[in-house]
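Start from the sequences, fold in the hints, and give me the full structure.
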Amino acid sequence: MSSFDCEPIKKTPKNKRNISQALETSDLQISSAYDIIPKRKNTGGLSRLLEACEPRIPPELAISKQKRQEILDWLQYKVKKGRPAVLVLAGPSGCGKTAAIRVLAKENGFHITEWITPIDQIMDENNRVMRQGDRFEEFLIRATRYSSVLHNYSSRLLLVKDFPNVFYTDKESFFSLLEKYFEMGREPIVFICSEGGHSKLLQVLFPPNIREKFGIDLINVNSVTQAAMKNALKRVVGILNSVGGHMLHVSQHKVDEILSNSIGDIRNVLLNLIFISLKVPEEQKHKCNIREETLGLLHGIGRVINPKRIQTEDKWKFAHDPDEITAFFQSQATVFLNFLQENYLNTIKEIEKADACANILSLADVLNSEWRDPNLAKITLSYCIRGVMVTNEKPVSGWNPVRKPPNDRIVVQRCQAIAEVKWYESIINLKPKNTIEMPITDIEEIIE
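Heads up: the sequence shown is residues 1 to 448, going by UniProt numbering.
To be clear, the hints were calculated from the coordinates, so they are not data collected in a lab. Any given hint might turn out to be false.
To be verified - Think about it this way: if two alpha-carbon atoms lie no more than 30 angstroms apart in a straight line, the pair counts; the simulated DSS-like pairs of lysine-lysine are:
| no. | residue 1 | residue 2 |
| --- | --- | --- |
| 1 | K81 | K213 |
| 2 | K315 | K213 |
| 3 | K378 | K308 |
| 4 | K161 | K80 |
| 5 | K200 | K213 |
| 6 | K308 | K279 |
| 7 | K308 | K67 |
| 8 | K67 | K171 |
| 9 | K78 | K161 |
| 10 | K161 | K106 |
Next comes the structure, spelled out in structure tokens:
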């Protein structure tokens, strides 16, 4: 045997066994590491909680019995198989329109096919990106002409609550689409219009002449009443505690707090109830505050020109914080200053105080004319509000209605009219002296 020869090592099976054992040990370690967190049967996010709280039967709906019956009458008597029919459900956000049509349609044997605005781009047969309006039209035509084989419902109902943005500016294309639907459609369709704030969807897409032309039915749903809101929350309390008991604890005290601040929006109420019922450490709990105050322009002017002070021993403070007033009107600083300049003299007694306020408003007017710095308007508004409130120590008591400032546009128009009249006078006066001059009519008559 040479020096380079060696006996074969017979420890390979042992090594294999060690590797397999190591793998098994690592698997056990991994599984045990994951088993540290207990598996919960009722885990779920916000979407699962909201889905569990949805009404299942008509008595659980938040809308009134009268509106519920109107929707039932439309589904039973207005909808004819194989013929088009359109219903517009209008009302404020969160009043239960969509939930009502889902439950009542299911009770009457309808399968709902809902339009959801796609976020991805689809190419047509010519390899071009399809417009949202074209895709919406294709959805209506296909949904009304072809039925699905995945359900056993005898009838189908189309639901649209998210309108393509193109129809907000091009309503004529929506009207032509409605006309095409009434020519080719075979299934009923329900449009959900949420009216509130500056939303004028019903007036833009479904004006009275269009509804009369196509025979479109309209049902207006009111905000959820306090009694209906209370019944709905009473129903969902047990559901939330059972489905989300690992993360929520809904108590009657929290329900009462939410009900005291409700504004008829059941969706908002449910979200707020879930939010304040989250289980958090005791030191991180915060008191459920009321909804943020909305301060109108006239009330804001009244708080500045008639400041109320709270005296505590040798100190005092304003009942209404000037910083909070400033924060409400940062977006309309110029309008607020114009109203303040028109009304500040109503509550000032002394001429010295009036002079000081006039100087403050004059400086604020100069600073507000600087347009190159957007932050200067906020500083000017804060300076003006603080200055007037501090200067007017003893405002005049009594009823002082807030007056609207004069319109600068009218003044400019009058100045232009006067300049035009004078220009015509200069031309007329160039005539010979023996010409009899007619009396110049009043400027107001010329303006009119």
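Evaluation of the provided hints:
no., hint, in the structure
1, K81 <-> K213, "21 angstroms, holds"
2, K315 <-> K213, "70 angstroms, violated"
3, K378 <-> K308, "23 angstroms, holds"
4, K161 <-> K80, "22 angstroms, holds"
5, K200 <-> K213, "20 angstroms, holds"
6, K308 <-> K279, "41 angstroms, violated"
7, K308 <-> K67, "48 angstroms, violated"
8, K67 <-> K171, "28 angstroms, holds"
9, K78 <-> K161, "21 angstroms, holds"
10, K161 <-> K106, "18 angstroms, holds"
In this structure, the hints that do not hold are numbers 2, 6, 7, in rising order.
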